[in-house]
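Listed here are the chains, written in short residue letters.
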Amino acid sequence: MAEDALLAEMRALRERVAGITGTAVASRDGLIVREDTGGVDPDNLAALAATWLALAQRMSNEVGQGTLREAMTKSSSGCVAIYAVGVRAVLVLIGDEGVDITSLRSESRGSLDAIGALLADSGDQRVPL
Amino acid sequence: MGTQVPEDAIARPLRQALLDCAAGRMSGVLRVTGHPSGTIHFREGRIIAAETPGAPGLEVILLRSKRLDESGWDAAFAAAAASGSEMRDELVARDLVGVGELQALLRAAVADAVFAMAFGVVDSCRAEPRAVGPLVTLDPGAKAEWLLIETWRRIQLLGSFPDPAGHARVRVVTVPGAMRPGLVLGGGRDELVALSDGRRTPRDLAFALGRGVYATMLQLSRMQADGLILTISGSAASSAEAANGGRPPAPEDGQRTADGLPRRRKDLAGQPGRADGRELPSAFRLLRLRYGEGTTPGGTR
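Here the protein sequences come in this chain order: A and B.
Mapping to my numbering: the first sequence position 12 is 12, numbers consecutive.
Mapping to my numbering: the second sequence position 221 is 221, numbers consecutive.
Here chain B stands alone, though its shape is the one from the complex:
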């Protein structure tokens, strides 16, 4: 069984495990350990879902991009749980998303998740031939060979940029002066510029905006080539942030306890807390001072 993807193009354990699960017509899960880790769901050798902390799943893509509001998702979830029906059928029956659109989004999400794992570091893969039902599944599932070719294409395209803005550890920051007031970039780039504060990685931006991680990396690479954004390593990001007002609050010395922790003033909330539960009323008093008597903390913001 041949694939057009060169053997060393994609992390070997992942490539081999995908092909083995497909050849064995497995129904079950493939657990991928690495950075990021993830789970790939199979039904009779086809990939029906994939989850990883490295790429947003369907729920994030639908909700964060505002294609769907949360109440609609929750109602479909509750109905599916109560009746034992498929979540995908509930979403479609409620007219929240079309059959074709759902299939396209799921296919994109599966490809994105596999790409995120392949583009990272794969330590090992373990197949568990038993069904673990993912919430929403692709039907019909994707073929492993298609996924491998798609993943390879994506890695190649990102690799064609001199400084691909794609690596997991880099933080993205807008180039100072690149944006003039009133300038609109369009094409989804303005949202990326607005959120590129030096704290977020391309993966974080993808989650924040409900977009695919590959699409986000590709767009960031183009924006980097256009001089709109820069990527910085994690440690450089931290020091840039610190210079930019990162906040060590540091009350004055007189307000610290012997162990260096800040000290609560007696007139506000009594003695510094102890582990015997006396800190509980003290913290409640503080919350009341902050939010006002009788208010619910969560309700005021």
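Chain A extracted, bound-state conformation:
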């Protein structure tokens, strides 16, 4: 199980993007896989991320807008973005008010591939991610 590699990939993403304060990977049914948030409740985060991703994907589908790229909340003191990792996991990024959204979007794309590959490596190779 490439767990440390997964955490390292998440931390590398936080290093690359100014303003990311936390990252997490959850399974699509709402269980935490890895978290590096510095204090956010990981179980609640995972449950909400999985629900939110499913809702956001259904919304995209409902209005005929194709594949969901990202869902984001912006609040008075920060933002949260989620991305699907294949069909079985979700990546959560938490940022402060100043987070560099442009670099968050470009950097997260590469990390999604790497995280997807790590999750695939960690289990049965025949299971499509």
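Bear in mind the hints are in silico, worked out from the structure with no lab data behind them.
The structure presented is a predicted model; accordingly, all values stated were derived computationally and were not measured.
It is possible that some hints are incorrect.
[Claimed, not checked] Computed, partial: chain A to chain B, Cβ under 10 Å:
(1) Arg14
(2) Ala18
(3) Ala26
(4) Ser27
(5) Leu31
(6) Gly38
(7) Ala46
(8) Gly64
(9) Gly98
(10) Val99
(11) Ser103
[As the list claims (entries may be wrong)] Ranges of calculated distance between the beta carbons of each label pair, as one might list FRET restraints:
(12) A:Thr102 / B:Gly177: 39 to 45 Å
(13) B:Gly84 / A:Gly38: 40 to 46 Å
(14) B:Lys143 / A:Val87: 53 to 59 Å
(15) A:Arg58 / B:Val175: 27 to 33 Å
Note that CB positions come from ideal geometry on N, CA and C, so glycine has one too.
Put chain B on the given structure of chain A with help from the hints.
Okay, now just chain B, sitting in the frame of chain A:
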């Protein structure tokens, strides 16, 4: 047109672009690409606003430092949007901030943003001579030469410390044993100590506290010289954190699916999710278990 700032003192493309935009009396934006990137707004050659992920803007400085509460900011924003008036006029008209204080804060925020970009890595600058209205503007705007001199002064002062706690990638951690119970440092240092957990960079601390990034770096450099805080590189920060209880949750092997992801127990919420939408009710069930029937998740915390 001469400036007192030596040519190689500040990232050359940024220095040149600032001087060119000023000389051309440009109205528009200067887009700075680098680490951090940013946008510098000009009106007739003067700098009226600057935004960058590297330094907190006016909203963060006012709200995080609790100078202003959120409802006041939101009301001023809504009124400005509805009437087409300037946000700065609404803030002042509502007595939320004085004219002089607002001007001083904006000037400080502009200087801080330019400093953050100059102190980082500037890849390129591109001037776009068309107006993009920033939310709150400095009036009158700052002169490019003043900004360059101010930026140079700041870089020099930080450079005078043997280990300036200013670099973008370092994480700040309190020295173990440096703080005794009941000890109060004062001068805004206690808040910095409390938040220096090895996860945050000086920039992160500035955002968290609503302070200027330069002021935060300077204070951290002094605190480092006083033995109160340490700076560690990103990778060292991660391993220190892991040793300190960084959390790989890892359910037991029996609870994992074939692909290594944790498995939901059937008695809790049915089958592990699928991408066909069946995971939605399952996750809702989980939320209800966690928060109680009929509660709004966001409302309970």
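Status of each hint after checking the structure:
Against a cut-off of 10 Å between C-beta atoms, the interface hint on arginine 14 of chain A holds, since the closest Cβ of chain B lies about 8 Å away. Taken as an interface hint, alanine 18 of chain A checks out: its beta carbon lies about 5 Å from the nearest beta carbon of chain B, inside 10 Å. Because the closest C-beta pair between alanine 26 of chain A and chain B is about 9 Å apart, less than 10 Å, the hint holds. Residue-level restraint check for serine 27 of chain A holds (minimum Cβ-Cβ distance to chain B is 4 Å; threshold 10 Å).
The interface hint given for leucine 31 of chain A is met, as the beta carbon of that residue sits about 4 Å from the closest beta carbon of chain B, less than 10 Å. With a cut of 10 Å, the hint placing glycine 38 of chain A at the interface with chain B holds, because the nearest CB-to-CB distance is about 5 Å. Hint status for alanine 46 of chain A: holds, given a least beta-carbon distance of 9 Å to chain B, under 10 Å. At a threshold of 10 Å, the smallest CB-CB gap from glycine 64 of chain A to chain B is about 16 Å, leaving the interface hint violated.
The closest approach between the C-beta of glycine 98 of chain A and any C-beta of chain B is roughly 5 Å, which is under the 10 Å cut-off, so the hint is satisfied. Of the supplied interface hints, the one on valine 99 of chain A holds, with its beta-carbon coming within about 6 Å of a beta-carbon of chain B, less than 10 Å. Satisfaction of the interface hint for serine 103 of chain A is found here, the shortest Cβ-Cβ separation to chain B being roughly 7 Å, below the 10 Å cut-off. In this structure the hint that threonine 102 of chain A and glycine 177 of chain B lie 39 to 45 Å apart at CB holds, the actual value being about 42 Å.
Hint check: glycine 84 of chain B to glycine 38 of chain A, Cβ distance near 42 Å, so the stated range 40 to 46 Å holds. The hint said 53 to 59 Å for the Cβ distance between lysine 143 of chain B and valine 87 of chain A, and at roughly 56 Å that hint holds. Between arginine 58 of chain A and valine 175 of chain B, the C-beta spacing of about 50 Å breaks the proposed range 27 to 33 Å.
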